[in-house]
Amino acid sequence: MKKSKRILALLLGASMSLGLAACGGGGGTTTTPAPGNSNTPAANESSTPSAGGNVELTIWTYPIGKFGDYDTMQGLIDEYTAANPGVSIKFELLDYTNGDTQVTSAITSGTAPDIIMEGPERLVTNWGANNLMVDLSDLWTEEATADIAATSQAVVDACQMDGKYYEYPLCMTTHCMAINYEVFEEAGALQYIDEETRTWTTDNFVKAMETIRDSGLVSVPGIVYCGGQGGDQGTRALVNNLYSGTYTNADHTEYTANSTENVKALELIKSMVDSGALNANAGFQAADELQQFANGTAAVTFCWNASNKANYASQVAFTPYAMAFPTDDGKPELCGGIWGFGIFDNGDQAKIDAAKDFIRYICDDPEQAKESVQLTGFFPVRASLGNVYEGTETEADAAEFLTLMPYMGDYYNVIGGWTEQRTNWWNMLQKILTGGVDAQTAADEFVTNSNAAIG
Amino acid sequence: MNHAKSKLSGTSTGYKAITVVILILLAIFFIFPLYWIVTGSFKDAMTINARVPQWFPLNPTLENYAKLFKNPAGQWLLNTVIMAVGALVLTCLTAALAGYALAKKRFYGRALLFTIIICAMALPKQVIVIPLLREMKILHLADTLWAVILPTVGWPFGVFLMKQFSETIPNEILEAARVDGAGELRTFFSVVFPMIKPGIGALAIFTFVNSWNDYFLQLIMLTSRTNWTISLGIARLQGEMSSDFGLIMAGATLAAIPIVAVFIAFQKYFTQGIAMGAVKG
Amino acid sequence: MAQNAVATAGKKPRKEKKSQFSGMSKALIRRETISAYLFLLPSLVFFIGFVVIPMIMCAVFSLQEMGLDSSANKFIGLANYVKMAQDSTFWQGFVNTVIIVVVAVPAVTAFSLWVSSAIYQMKTVTRSFFRCVFYLPVVTGTVAVTVVWKWMFNPYNGLLNQIFGTTGYDWLGNSATAIWCIIMILFTTSIGQPIVLYVAALGNVDQSLVEAAQVDGATKLQVFWKIKWPQIMPTTLYILVITTINSFQCFALIQLLTSGGPNGATNTIMYYIFQMAYNNQNFGYANAMGVVLAIIIAIFSAIQFKFAKTDN
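Chains as they are written, first to last, in this note's numbering: chain Z, 8 to 462; chain L, 800 to 1080; chain W, 636 to 947.
If you are wondering where the hints come from, they were derived from the structure by calculation, not from laboratory data. On a predicted model such as this, the values are computed, not experimentally measured, just so you know. Please note: incorrect hints may appear among the correct ones.
Claimed, not checked - Calculated pairs, BS3-like style, for lysine-lysine (alpha carbon to alpha carbon, straight line, at most 27 Å):
{"hint": "1", "chain 1": "Z", "residue 1": "LYS377", "chain 2": "Z", "residue 2": "LYS316"}
{"hint": "2", "chain 1": "W", "residue 1": "LYS863", "chain 2": "W", "residue 2": "LYS941"}
{"hint": "3", "chain 1": "W", "residue 1": "LYS661", "chain 2": "L", "residue 2": "LYS904"}
{"hint": "4", "chain 1": "Z", "residue 1": "LYS73", "chain 2": "L", "residue 2": "LYS869"}
{"hint": "5", "chain 1": "W", "residue 1": "LYS863", "chain 2": "L", "residue 2": "LYS1067"}
{"hint": "6", "chain 1": "L", "residue 1": "LYS815", "chain 2": "W", "residue 2": "LYS861"}
{"hint": "7", "chain 1": "W", "residue 1": "LYS863", "chain 2": "L", "residue 2": "LYS815"}
{"hint": "8", "chain 1": "Z", "residue 1": "LYS271", "chain 2": "Z", "residue 2": "LYS214"}
{"hint": "9", "chain 1": "Z", "residue 1": "LYS214", "chain 2": "Z", "residue 2": "LYS316"}
{"hint": "10", "chain 1": "W", "residue 1": "LYS863", "chain 2": "W", "residue 2": "LYS758"}
{"hint": "11", "chain 1": "L", "residue 1": "LYS869", "chain 2": "Z", "residue 2": "LYS97"}
{"hint": "12", "chain 1": "Z", "residue 1": "LYS171", "chain 2": "Z", "residue 2": "LYS363"}
{"hint": "13", "chain 1": "L", "residue 1": "LYS815", "chain 2": "W", "residue 2": "LYS855"}
{"hint": "14", "chain 1": "L", "residue 1": "LYS1067", "chain 2": "L", "residue 2": "LYS815"}
{"hint": "15", "chain 1": "Z", "residue 1": "LYS73", "chain 2": "Z", "residue 2": "LYS271"}
{"hint": "16", "chain 1": "L", "residue 1": "LYS866", "chain 2": "Z", "residue 2": "LYS316"}
{"hint": "17", "chain 1": "Z", "residue 1": "LYS97", "chain 2": "Z", "residue 2": "LYS271"}
{"hint": "18", "chain 1": "Z", "residue 1": "LYS73", "chain 2": "Z", "residue 2": "LYS316"}
{"hint": "19", "chain 1": "W", "residue 1": "LYS758", "chain 2": "W", "residue 2": "LYS861"}
{"hint": "20", "chain 1": "W", "residue 1": "LYS709", "chain 2": "Z", "residue 2": "LYS171"}
{"hint": "21", "chain 1": "Z", "residue 1": "LYS73", "chain 2": "Z", "residue 2": "LYS377"}
{"hint": "22", "chain 1": "L", "residue 1": "LYS869", "chain 2": "Z", "residue 2": "LYS316"}
{"hint": "23", "chain 1": "L", "residue 1": "LYS904", "chain 2": "W", "residue 2": "LYS941"}
{"hint": "24", "chain 1": "Z", "residue 1": "LYS73", "chain 2": "L", "residue 2": "LYS866"}
{"hint": "25", "chain 1": "Z", "residue 1": "LYS97", "chain 2": "L", "residue 2": "LYS866"}
{"hint": "26", "chain 1": "L", "residue 1": "LYS1067", "chain 2": "W", "residue 2": "LYS758"}
{"hint": "27", "chain 1": "L", "residue 1": "LYS1067", "chain 2": "L", "residue 2": "LYS996"}
{"hint": "28", "chain 1": "L", "residue 1": "LYS815", "chain 2": "W", "residue 2": "LYS758"}
Here chain Z stands alone, though its shape is the one from the complex (with noise of 0.2 Å):
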């Protein structure tokens, strides 16, 4: 009797504190703010297809010029919403520090957003290749493909892989670097450097560099930053471009940055960097570089496009002048950005359906096209758009970066194993800049590695 009423009340009392555990449970879900609840239907491939009524998308963008602004996305949004009544939308901005671990884990934990906005690096190298992106042939319409292998084929070229659209673009680029105007002035410096066309040779940089070493007037000439993998384009397009070397093969098969042109670029470097000419930092990456820049530390900085310069214009008390990476034969290179639009396949048609609207409005809709490629600073990749800035009070920011769109290089950003050559690019600019290890040997490093990791 004693007994049975003993264990009775310890039932009663664990299943208490379950009870308590679950009640816990419910009381904080309930207070965990519900904007950010997309765990539920979104990524669930159980989850129904919301039959003709109300459809919820989840868009995820990259901070590609004021895409990664709060009340401009709020905005564009809003519009849209108010034309399409049963859609409404979630956004999330990511940054380049952090995002790629957020959509991995949102890919892993079911998450992953409707629409994400990026580069093919990203939308077709990475997630399309591993099924996870919704084809997008029926965007790439005959005219559309026209239209945008008028301005550059290699554009439709990088969107697709093995026959399928993974992205639809919206926006191009190139990316430079910028001089300190000021400084490059006062210096002297400026003998080096050609106006007109933005360029400059291998052998005027080393002079420049050095007569702003020489000058006093900055704390460091320039900074060759390696402490991450952020805005390693222009480290790439800097290495690349000093003696015409490339960064892949043609048929981006193959990793190529051991060739001699490249390995001799690497030594110059290293001998800059000896003499003081440049300065190398393993603990920096663009951010904090950009910021030494803007700061008037640093004379030069080694990743700029019209976004960077936006994004600072507040900052800087000079003139930021873009220029193109120094070239031994006249004819830089330039990496190029391109950015636009995935779906991630949630297995619901519905929202399938409706984000490609939404990307068709973005990126189609005439009046609203040429909006959204102002937004991203950057200039459309249709034709028929023109220049889209015209008019506008940028018109003269805008003209600056678009002297340098000649430029734009390969794109080889859709070679395989991207996210492993990435980390070891870096590493292995550590390792020559601050490391004391051979060019030749660290960059053969790199391409074993680089290239093993292509599969």
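Given the coordinates of chain Z, assemble chains L and W onto it according to the supplied hints.
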């Protein structure tokens, strides 16, 4: 021996003076980062990036805070509190019950269970985070605060601590309760619980601080901006293309000040609780 | 009978290694077992659900090639482990992890003991002040502390170089200094708890024993080692455990300050696992490293416990 003693007492005044000096220097070293966070948050971009440090913000500005609150920073703080308190309550409750059983009950599998707990205690979450994410997907808890709370509660450190603490309860008292006819649960809540209260206090503080600082789990589990904690928020204020230290310091101030204030106000209970928890260990 | 059993069990709980049940009837054992497990149930639900099961899944995943595309997962046996044995980055991370633990744990323990011995006999106000000060970095929050250090370490406008007049010196970008910077910050954020613990433990040392020893002419050092040290041993064990856990889990510091660089000088196994999983999306390999790390840590904790127990 005597010689050594006299030598020691002879130098003892000098030794003490040196000790105090070192302690004061260390104190400055430990306070300084917090000071630099708070003052940094009131400096404008020019001052922050100046080549000569400004020890005190001469032209204090609120612009960093204006920028900070363009983000849902208040929400982040609230999320962090909900998360830490949720983890604390659940951990204390479950660990107190389990620790008591491990310390005072004789049962099959006890030694094995205790060994498993010891081994699992130091297990970093990085190891199991990939399977955890899958679980959260199945439970539909991904990207909610629960995804952070539940693994924290599962971590067996609390059970270990409460076991150590429960061992100090004299068996005679338990026996007396039993003789009086108290059931197991009544024994626990009316006899055991009051005796291990300080231990629970210690565990509460430990769990709270740990969960507050568990950046890794938060980083992996929480993807939506509105679900972030303040730690994630600060870390993300540092973008790829900018590192605005003024803004970051404003975020850090927001994260640090409430908990520092609570700590200083309840310093006595705080330290007592922690201390009591372990001294008995 | 039951009373008797409980009484004996209570008197010598630690010494009955051979049978904890000595003198208990089968019925009693059964009853005790059931009630014990009911008490353990809520905790076990969480422990098994969110630690044990993931650990088992982790072991299973480690035998697979596993990426983002779950349809392409395939069983590859021990290939991930073989790869690990040949992966120099892994071994570098292993060495760094060991350095961090082996340096930080004794340093934190010894230093906190020194500070505590110095302050525990001070006036209440002074003692509280110091205790507070050393606890500050803990309550300030790891991420907040990390970002302010990142700023102070900045080569061009960071405070350290401004003070030392070494503009441009790259603390975090130098293989020789980076890991020590990490350990130093880890040290400041780990020291608070141990000091609070030691101050309390030293305050609880039986004063009559101390006085008796002093009357006998024992030196301060002798008093410390012979009288105080044994009495604060449980606290030391506890401190060793929490500091080890802290050091092994050091992640935010590395992610926010160095990303494992330069030249892998601050790469730890934990960080490498994270990178493998979330940058390279190679989940199978990351899990294999996780399994190995878990085994190392389990052995490490077991040794620590054995050591501390016999010392007692």
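**OP:** Return the numbers of the hints above that this structure violates; sort them in rising order.
**Re:** 15, 17
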